[in-house]
Amino acid sequence: MTTTVPGAPPAEELPIAADRDVVRVRQAMRTFAIAAELSLVEQTKAVTAASELARNTLVHGGGGTVTLEVVSDGRRRGVRATFTDWGAGIADVEQALVDGWSTGTGLGLGLSGSRRLVDAFDIDTVPGKGTTVSMTKWAR
Amino acid sequence: MERVPVLKLGDVLLVSIQFDLEDEVALALQADLADKIVASGARGVLVDISGLEIVDSFIGRVFADIAATASVLDAETVVVGMRPAVAITLVDLGLSLGSVRTALNVEKGLRILRRDLGLRAAEDLDAISSGASAPDATG
Amino acid sequence: MAKKAGGNSVVAVVRDRRDEVLDGWVEGALRGARGRVSEAEVRSELSTLYDALVKGLVGDELPDATAAELDEARALLTELSRTRARAGATPAETAVSVFALKEAALSAVGEQPTAEQYADFLEFSRLVDDLGLVTFQAYAEARESVIASQADELLELSTPVVKLWDGVVAVPLVGTLDSARTQVVMEKLLEALLETESERAIIDITGVPAVDTQVAQHLLKTIVAARLMGADCIISGIRPQIAQTIVGLGIEFGDIVTKAKLSDALKLTLAEAGLDIVPRRGADA
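Residue numbers (the numbering used here), protein chains in the order written: chain A, 1 to 140; chain B, 1001 to 1139; chain C, 2001 to 2285.
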């Protein structure tokens, strides 16, 4: 369960429509991760995961949006990013989470790799309709 | 579109990445390097990533490709200055840079290139910083 | 909470007879504070709390302890709990100070309360009980955060990275290695490699009693990360039992060099760095 966090920046929604948006997502995630009081390594992991997922949204989802927010479970803070696209969806999620699998160019580490970098990871996908991926990274 | 500058230092091409790389900029760098290796006959490529806070799977792949391309063109690549947080993240991400050589900083990277290829870049660098005239080429 | 025509009579007393009830409360609270806090301080704390409480009791219905109207009161209770904890009070002492309000309120109602007034008092009493529990919660959280920050400090202190020679650092690990500790070690080692411009590290595990799969994996990750940065590591101090455990668990160290003795690791590292240690000329001639 998460509660609103006093003193933290309000949730922000960013479009992911072009290459430079991936960089903007990284920068925004860095800001939120710092607000959530993540250590440098935790920040780096969160930003890297967000970069992977943002690129996925752009390349495989045909573009979409991401919502960034600082969250709290009562004891510690964290950062959450929710990526949404209205693309082809993922037909076989299990397969997609296997390292190295990819339909397009790239190492195919986008999903499986970013899952390893974060604490909570959820995929909601409907083939033909789109995909929502949410990641959460907690401060230690 | 911003481009990453490529400097020529003797037989080495030096690339220093100071800002967050957009995918297109990284790909443009890859192409630029291939062109310049051929045009200059450079035998070594040194990529300084000490300014990079993030290396994700795409950027990592670009570095691996740069090294592979350089190798085909008979040049050796060394990536230097990876930050600890980046290294730790890459390990968790499961990304291997393959056979790309790495070094802690530019100085050590140049030392590796000099040793492996007998290049003049290191002496040029010393000469520039000490103000002396360039020494004779060494084997 | 039952709604009654005219509202809760005990609440009315608390609202209308502030000074009387507050005095009674302060007296009761002082008894429970056992001289840890001065009367002036108690009075100041409790009167602020009193007013916040009354502000939240405006309606006819008695609110829940978690209601928004009592946000301010709860925040003050949390602060009170922390202040008392720092002064050395137990959570029970602090809670009892809060509970003292009940007796003060009942006294103010009168010598012979009616059945209805008793019913009202019960309702009010439940609310005060819940508010007293807030202080327990705050106390527990404050203690937990002290323990957490002490654990962090201990972690920092117990993972030194030392420079053995130009270009060689060592990390002598002592004690059990859990996930958190190994991560700290990893980060400190990598930072040290960069700062000292060292290309070699010796990770000595002589002082580590047991190595399980997780610990081994963390060590391996550290070494892979160091290699990515352009440095390399040797693991030394592997005792016979640990060697057997590692084999038994099927852990492979691949091309990572391991040595039983730290001295051997040092010798190898220096040799790789192109250094020879030779006896002084003329000694034992």
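Hints are computed from structural coordinates only; laboratory data are not their basis. One or more hints might be untrue.
As the list claims (entries may be wrong) - Derived BS3-like pairs: lysine-lysine, alpha-carbon spacing no greater than 30 Å straight-line:
1. C:K2188 <-> C:K2261
2. C:K2163 <-> C:K2259
3. C:K2267 <-> B:K1108
4. B:K1008 <-> B:K1108
5. B:K1108 <-> C:K2055
6. C:K2261 <-> C:K2221
7. C:K2259 <-> C:K2188
8. C:K2102 <-> C:K2221
9. C:K2259 <-> B:K1036
10. C:K2055 <-> C:K2163
11. C:K2188 <-> B:K1036
12. B:K1108 <-> C:K2102
13. C:K2163 <-> C:K2102
14. C:K2102 <-> C:K2188
15. C:K2163 <-> C:K2221
Evaluated hints:
1. C:K2188 <-> C:K2261: holds, 23 Å
2. C:K2163 <-> C:K2259: Between K2163 of chain C and K2259 of chain C the Cα gap is close to 19 Å, so the pair holds against 30 Å.
3. C:K2267 <-> B:K1108: Distance ~23 Å between K2267 of chain C and K1108 of chain B Cα, so the pair holds.
4. B:K1008 <-> B:K1108: holds, 18 Å
5. B:K1108 <-> C:K2055: It is violated: about 69 Å lies between the C-alpha atoms, which goes past 30 Å.
6. C:K2261 <-> C:K2221: Holds: K2261 of chain C and K2221 of chain C sit about 22 Å apart, inside 30 Å.
7. C:K2259 <-> C:K2188: Holds, because 22 Å separates the two Cα atoms, which is no more than 30 Å.
8. C:K2102 <-> C:K2221: violated, 60 Å
9. C:K2259 <-> B:K1036: Given pair K2259 of chain C, K1036 of chain B is violated - Cα atoms ~45 Å apart, limit 30 Å.
10. C:K2055 <-> C:K2163: Distance of about 63 Å is beyond 30 Å: violated.
11. C:K2188 <-> B:K1036: violated, 39 Å
12. B:K1108 <-> C:K2102: violated, 75 Å
13. C:K2163 <-> C:K2102: With Cα atoms ~64 Å apart, K2163 of chain C and K2102 of chain C exceed 30 Å; violated.
14. C:K2102 <-> C:K2188: violated, 55 Å
15. C:K2163 <-> C:K2221: This hinted pair holds, its Cα atoms lying about 21 Å apart.
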